[in-house]
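Taking full-length UniProt numbering, the leading residue of the sequence shown gets 1, the next gets one more, and so forth.
Think of the hints as simulated: they come from the structure by calculation, not from any bench.
For every residue, glycine included, the Cβ atom is placed at its ideal position computed from N, Cα and C.
Possibly wrong hints are sitting among the right ones.
Heads up, simulated BS3-like pairs for lysine-lysine below, C-alpha to C-alpha not over 27 Å straight-line [unchecked claim]:
(1) Lys127 with Lys38
(2) Lys38 with Lys119
(3) Lys84 with Lys100
(4) Lys84 with Lys38
(5) Lys127 with Lys199
(6) Lys100 with Lys142
(7) Lys112 with Lys84
(8) Lys112 with Lys127
(9) Lys127 with Lys100
(10) Lys158 with Lys100
(11) Lys158 with Lys97
(12) Lys127 with Lys158
Pair ranges (Cβ atoms, derived) [stated by the list, open to error]:
(13) Pro125 with Ala76: 35 to 41 Å
(14) Asp36 with Val109: 40 to 46 Å
(15) Lys97 with Glu180: 18 to 24 Å
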Amino acid sequence: MVSRRAFTIGMAAGSLLPGFAQAEASGPTALNIYLDGKQVGAFGIALTRSAGELRAEVDIDISLRGFAGIPLYTYALSSKEIWKGGLLQSMASDVRKGSKTQRVEVGRVGSKLLVQSEKFTGEAPSKSGTSSYFSQDLLDRKIWINSDNGELLEMASKRERRVDIGGQEFVEFSTSGGLETRVFYTDDGRFGGAIFDVKGRQAQILPGDVSSVKASLT
Numbered sequence: 001m002v003s004r005r006a007f008t009i010g011m012a013a014g015s016l017l018p019g020f021a022q023a024e025a026s027g028p029t030a031l032n033i034y035l036d037g038k039q040v041g042a043f044g045i046a047l048t049r050s051a052g053e054l055r056a057e058v059d060i061d062i063s064l065r066g067f068a069g070i071p072l073y074t075y076a077l078s079s080k081e082i083w084k085g086g087l088l089q090s091m092a093s094d095v096r097k098g099s100k101t102q103r104v105e106v107g108r109v110g111s112k113l114l115v116q117s118e119k120f121t122g123e124a125p126s127k128s129g130t131s132s133y134f135s136q137d138l139l140d141r142k143i144w145i146n147s148d149n150g151e152l153l154e155m156a157s158k159r160e161r162r163v164d165i166g167g168q169e170f171v172e173f174s175t176s177g178g179l180e181t182r183v184f185y186t187d188d189g190r191f192g193g194a195i196f197d198v199k200g201r202q203a204q205i206l207p208g209d210v211s212s213v214k215a216s217l218t
């Protein structure tokens, strides 16, 4: 359902390191997830760097409740990625949708990037990105590995405009292909949020209270 949510990016090492250093200095990024303006979950990114490797951890927790708080839908994703030299080295993503669980595993053997999941098992392009959006550099990747189900996604992106979100300026991009989103980054390439449709309903990943930033995103 709201599986179009979170994001990882890696390009050349030179372009990744400044963005990672900035994000690490500011601590983990914590955002809220909204559906039709109602908060339904949380989205978190933690970035660390060690021995030339960049580690990105993405956690998503969504809970939709109906009358009297009865759970209607739950979704959780915990993804850990390691990048080196601008290339994805590995990814382990555990997903829970209600009572169903699934796992996506990606590993590198030389120049080959191997994916194993229920949706797809096989080789991905060596320079593939992932659908964890944590850096603007990902937008230059033509193929993403979906951290939700392992599917390979053909992607394209376009710079749109500058926007204000809660008093902070971001650059808005649109993505198309496997995932259609409006996604926001700081000038140094750090992820700041996203907006996308889920079966005709608007989902948002944004900082703070969605009502305070709604007007500036229209």
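Tested hints:
For the hint pairing lysine 127 with lysine 38, the CA-to-CA distance comes to about 37 Å; that exceeds 27 Å, so the pair is violated. A threshold of 27 Å between alpha carbons decides the hint, and for lysine 38 with lysine 119 the separation of about 31 Å lies outside it, so the pair is violated. A threshold of 27 Å between alpha carbons decides the hint, and for lysine 84 with lysine 100 the separation of about 32 Å lies outside it, so the pair is violated. Pair hint lysine 84 plus lysine 38 does not hold up; C-alpha atoms about 38 Å apart against a cutoff of 27 Å.
Among the hinted pairs, lysine 127 with lysine 199 is inconsistent with the structure: their alpha-carbon atoms are about 31 Å apart, more than 27 Å. For a cut-off of 27 Å, the pair hint linking lysine 100 to lysine 142 is broken: about 30 Å separates their Cα positions. Of the pairs offered as hints, the one joining lysine 112 and lysine 84 holds, with about 14 Å between alpha carbons and a cut-off of 27 Å not exceeded. Between lysine 112 and lysine 127 the alpha-carbon distance is near 10 Å, which keeps this suggested pair within the 27 Å criterion.
Between lysine 127 and lysine 100 the CA atoms are separated by roughly 31 Å; this puts the pair beyond 27 Å, and the hint is violated. Taking the CA atoms of lysine 158 and lysine 100, the gap is near 35 Å; set against the 27 Å cutoff, the hint is violated. The straight-line distance between the Cα atoms of lysine 158 and lysine 97 is roughly 31 Å, outside the 27 Å bound, and the hint therefore fails. At roughly 19 Å between alpha-carbon atoms, lysine 127 and lysine 158 fall within 27 Å of each other, so this suggested pair holds.
Proline 125 and alanine 76 have their C-beta atoms about 28 Å apart, which leaves the hinted 35 to 41 Å range violated. Under the hint 40 to 46 Å, the C-beta atoms of aspartate 36 and valine 109, about 44 Å apart, fit the expected range. Taking 18 to 24 Å as the suggested C-beta distance range, the pair lysine 97 and glutamate 180 conforms, at roughly 21 Å.
In this structure, the hints that do not hold are numbers 1, 2, 3, 4, 5, 6, 9, 10, 11, 13, in rising order.
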